[in-house]
Amino acid sequence: MITFRDIQIHFGSFHAIKNFNLEIKEGEFFTFLGPSGCGKTTILRSLAGFISPSSGSVLLKGKDITHTPIEKRGIGIVFQNYALFPTMTVYENIAFGKRVKKAPKAEIDQDVRDIARKVDLKEEQLFKRVSDLSGGQQQRVAIARALVLKPSILALDEPLSNLDAKLRVQLRNELKHLQKQFGITTIYVTHDQEEALTLSDRIAVFNHGNLEQVGTPHEIYNASKTEFVCTFIGDINRINPRLIENTPLKHVVGPNKVAYIRNEKVNLFPVTDSDVVRLKARVVDREFYGLYSKYVLEMAGGSLLKTIEKENGYTGLEVVAETEVYIRPKDILQYDRTGEEN
Amino acid sequence: MQTFKNKWGSINYGQTLIYVLLAWFIIAFLIFPNLNIYYEIFFKDGSFSLDAVHKLLSSKRAMTSLTNSFVLAVTLVITVNLVGITLVLLTEYFQIKGAKILKLGFFTTLLYHGVVVASSYKFAYGENGLITKVLSSIFPSLDTGWFHGYWAVVFVMTFACTSNHILFLGNAIRKVDFQTVEAAKSMGASTFYILRRVVLPVVKPTIFALTILTFLTGLGAMSAPLILGGTNFQTITPMILTFSKSSTSKDLAALLALVLGLATIILLSIMIQFEKKETTCPFPKSNPLWLSKRLNIS
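Each protein sequence line maps, in turn, to chains D and C.
The numbers in numbering that gives the first Met the number 0 rise by one with no breaks, and the one at position 5 of the first sequence is 4.
The numbers in numbering that gives the first Met the number 0 rise by one with no breaks, and the one at position 18 of the second sequence is 17.
Bear in mind the hints are in silico, worked out from the structure with no lab data behind them.
All of these numbers come straight from a predicted model, not from anything done at the bench.
One thing to keep in mind: the hints can contain errors.
Said to hold, decoys possible - When the alpha-carbon atoms are kept at most 20 Å apart in a straight line, the in silico SDA-like pairs for lysine to any residue are as follows:
#1 Lys203(C) / Thr88(D)
#2 Lys101(D) / Lys174(C)
#3 Lys100(D) / Gly187(C)
#4 Lys203(C) / Glu91(D)
#5 Lys104(D) / Tyr192(C)
#6 Lys104(D) / Lys96(C)
#7 Lys100(D) / Lys174(C)
#8 Lys174(C) / Met87(D)
#9 Lys165(D) / Leu290(D)
#10 Lys96(C) / Glu91(D)
Stated by the list, open to error - Distance windows between CB atoms, simulated:
#11 Pro200(C) / Ser160(D): 24 to 30 Å
#12 Phe93(C) / Lys71(D): 49 to 55 Å
#13 Leu267(C) / Lys71(D): 47 to 53 Å
Note that CB positions come from ideal geometry on N, CA and C, so glycine has one too.
Given these sequences and hints, build the entire structure.
What follows is the structure, encoded as structure tokens:
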């Protein structure tokens, strides 16, 4: 549905986006993920029409929209701070786009009330000032304002970043529900890996203006293609060469490679797998999180490994306790020192 | 601080001295001058009198100056807002080429205001001014005294007062959340529609405050009417100065000052009430206008 073809974006001498190519399918919940300044918002803005690419083209349903005016692209945008009009009521905010398009009054009224109902905004809230609403309600208004114009794409630029953790989780679920309800192609920009993993059908990971990997959340997490993706997503241990020096793992990790293992793949209990390497360890720190505990283990040669263990009523290991860890060689991710996967 | 304890508690001498000085300051410079004005107006030979009011109402010169001041204030509200808002929009919203030079030009009135600005305009456009000489050499029938009176005062004060708009309205426009402008744009709103429906309502309290400020400046104008007003356009403040010099019209000067003071109090009260009612921008301004234009990256 959306195609980015050889997009390059420069700001003076700064090369913000380098040769960007991507296809987004119709109805997908697609996330642009990456750290601040990686170019994810820049790409979203080039799709919305706020930025013209220095070169390359943006296609929507096969039609080149690179130089199409913003309002003719049919993209509903929800901004980071929602960008609601502070001097208007909720109703006026939602009706704004329809009024600009000079729609009949009756149509505006019906559409505003319909969309408000769908995003769970109550009738009495419609005539409140947007500043009188909570963060969650403001987000609904912003989504309603974007959806009332029946766009073919909904673009959300870090819409949850200004909210507290609890509300973020709640609204994340609502957002997912709304996307399924409307079946609209959604592009979501975030630096929060948890948001990306829980919401998306597919994720594009950005770094320094480059596209590092595109894949499903499962692929991104379990089969990270680059060292950047593997370290950016989730908690991970970089394996110190001293740790595996005198172990069978030495032959698993190739020369000139950097090796990683995800925290949860470092097992504190024997695993039912024939190909397992057992290593001696000492617990040097333990943090209890209720559902699970995080352990820091000191391995041979003084290197450290982190692991998590689900709390199943088990009392857990105490600090300074001697223990063993079990690692499957297949769980080790390795990349050559330039960042490419082996 | 030294303290002395007696049956009423401890006395802090340093603190007492500060209170005494403060009381003297308030009485000598705030209360006494104001009471003196009332005394001058309403007491003649030690008894209450409304002679000053009758005198004012029957003095054609005083009443004309009073009317002129209000006419000037109202005119300035229109002209200064017209020039000021246009200028700020051109330099901050539309960001035209040469905006910096234009702003710099208007900022000079902040450096050289009052007498200097009015005099400099007179040097340029007055009877012996350079521009007038050039114009009269081209049009010999031109009245060399053309630059005086109401229009000259309005012209000079309009440009002199616009610096407030550059300072305060410019700042308010820069603080408008640019994402709201982008949101409106993405919904198909034109630049002028966005200006009217999104930007101006947010800066309305600033415009209102500037309007009051301009009105008060016009009402109390001194140097421009004095230098350029001539005999046909006299206003309150120069009139107060003239009347206060005469021993027989001091009460009139005081009454005019009182009128000026009352008008100021009324307008400031309106402004405070308006500010309380109005909401400015209640949202985080994560992306102000000027910043977002420079930082397009995520």
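TODO: Identify every previously stated hint that the structure contradicts and give their numbers, smallest first.
DONE: 2, 6, 7, 10, 12
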